[in-house]
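**Q** Protein chains in written order, with our numbering: chain B, 1 to 340; chain U, 1 to 162.
Read the hints as simulated data drawn from the structure, not as lab findings. The structure displayed is predicted, hence computed values, not measured ones. Some hints could be false.
Rough simulated footprint, nothing fancy, chain B against chain U, three-plus residues with beta-carbon under 8 angstroms [claimed, not checked]:
| id | region |
| --- | --- |
| 1 | 25-36 |
| 2 | 67-74 |
| 3 | 141-154 |
Glycine included, C-beta positions come from ideal geometry on N, C-alpha and C.
Here is how the chains run, residue by residue.
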Amino acid sequence: MEFALIFKILLITIVFVITLVVAMYSTLAERKVAAFLQDRIGPNRAGPFGLLQPLADGVKFFFKEEIIPTHSNKWLFILGPCLAMLTAGMTSAVLPWGDVINIDGVDYMLQGTDINIGILYIFGVTSIGVYGIMIGGWASNNKFSLLGAIRASSQMISYELAMGLSMIAIVMMSGTLSVREIVEQQDGFNWNIWYQPVGFIIFLICSLAETNRAPFDLPECETELVGGYHTEYSSMKLGFYLFSEYINMFISCGVIAAVYFGGYNFPFMHDLGLSDNAVAILGVVAFFAKIIFGIFFFMWIRWTLPRFRYDQLMKLGWQYLIPLAILNVLITGAVMIFTK
Amino acid sequence: MLAYVFYILSAISIGSALMMVFSKNPVHSVLYLIATFFSIAAHFIILNADFLAIVQIIVYTGAIMVLFLYVIMLLNLNSESEVSKSTIVKVAAALSAGLLFLVMVASFKESVALPVSEVVPGLGSVKNLGKVLFSEYLLPFEATSVLFLSAMAGSVLLAKKK
């Protein structure tokens with residue numbers, strides 16, 4: 001019991017540290033990918049291949065002047081970035097990072113907690129994630145920030161619907177709301193993407209919109225709104241907002257990998273002749289490989305597609321994605337009844 | 001242990017509900033209401049109703065309150081734009097709220113505690129809740145969905161009317 005508790009605390013700490021490190025290096029990867037796609041070299045001054053660039057950025061953020069505008073609402077102005085960071089870090093609790101590891105005859109689960117409503121928990125945290133942006137944008141007392149905040153909230157509400165509907169098809173197929181059980185059912189190469197390609201595309205588009213990534217980065221659209229909701233922010237508070245976006249990207253790639261790409265499962269995992277523990281560790285590596293490819297894909301999209309106009313964004317969400325997602329649910333249900 | 005958690009949560013929910021009523025700024029009111037909803041969700045978790053707790057968070061805090069906050073921000077309401085009410089309205093409001101409070105106190109005065117039912121495994125689970133909803137309470141469940149549909153149709157009709 002004692003060791004199980006220590007193991008859990010250790011696991012949660014490691015997951016938190018990995019989340020931060022991945023988010024940190026995503027900022028560098030973003031610039032490297034941008035440079036690669038635009039035929040440039042990218043940052044290469046700080047350390048070998050620019051590997052110390054995220055550290056330099058962090059130091060810069062900490063030493064910049066901290067400005068709280070006089071007309072702003074001080075406490076809410078501070079609360080905004082804190083909430084953004086908090087909600088970004090919460091989802092990782094229900095993601096299964098790997099299969100069970102057996103030490104001295106006791107099984108240890110490589111997951112924060114396996115609650116029976118894991119999928120709903122993810123949606124709950126996603127739906128409150130917008131408060132950080134809204135509160136920060138409103139408390140700045142600046143019309144550009146306010147417009148950014150309002151855009152963020154309506155965008156979130158619109159895309160959450162289609163996201164939930166595309167997930168319902170998965171829940172119908174697997175008959176469970178636990179993320180671990182959904183992953184266990186995708187054993188080997190039996191991934192959900194082969195059964196739900198339309199649902200996957202809807203979920204991917206909605207994830208881009210929920211994480212405020214291009215082409216859906218309307219809340220911080222710099223050509224219209226200066227900096228959007230973080231116009232008035234400086235120093236580490238701005239850093240928190242930018243950082244939470246990368247954490248969100250990491251987590252949503254994790255959700256996509258777990259739900260559609262089999263999580264820690266990989267092809268021929270039972271034919272390698274390795275012990276269960278070795279397969280579990282390889283599974284963790286496979287899961288992270290999927291997440292990192294997902295992050296690269298998000299960046300690829302950002303540097304390829306131009307930003308949507310706001311009415312196009314709303315039209316795509318309400319007139320195309322939601323009807324398509326409902327149709328997907330209906331077809332999934334019909335196929336399930338006829339193949340039973 | 002659980003009793004202390006219950007007392008702390010109750011203090012948070014009642015305190016933030018009172019702050020919601022007393023704060024002048026509409027945005028602060030909404031934020032206190034969000035805190036209230038969160039503590040109520042925590043109460044559901046104590047009662048072993050995980051599903052209700054998470055639905056409380058998704059529907060109330062995640063959707064309805066975001067829309068509330070959205071509308072208040074869009075209209076840019078603040079404490080200065082609140083119109084002052086006449087004395088007679090204030091007296092009437094205080095009277096009616098006091099009467100409502102009296103009725104509630106009276107209804108609780110004579111009540112007796114119900115016997116505590118024994119804990120069934122998987123009491124608040126989604127599976128059991130779904131079974132109960134789609135067998136025992138099917139008619140009320142379907143009637144609620146018709147209610148939602150009519151509300152939706154009504155709002156579309158209102159929006160279409162120029």
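**Q** State for each hint whether it applies.
**A** Hints, one by one, checked against the model:
1. 25-36: It holds: at least three residues are needed, and the region 25-36 of chain U offers 3 whose Cβ sits within less than 8 angstroms of chain B.
2. 67-74: It holds: at least three residues are needed, and the region 67-74 of chain U offers 5 whose Cβ sits within less than 8 angstroms of chain B.
3. 141-154: violated (count 0)
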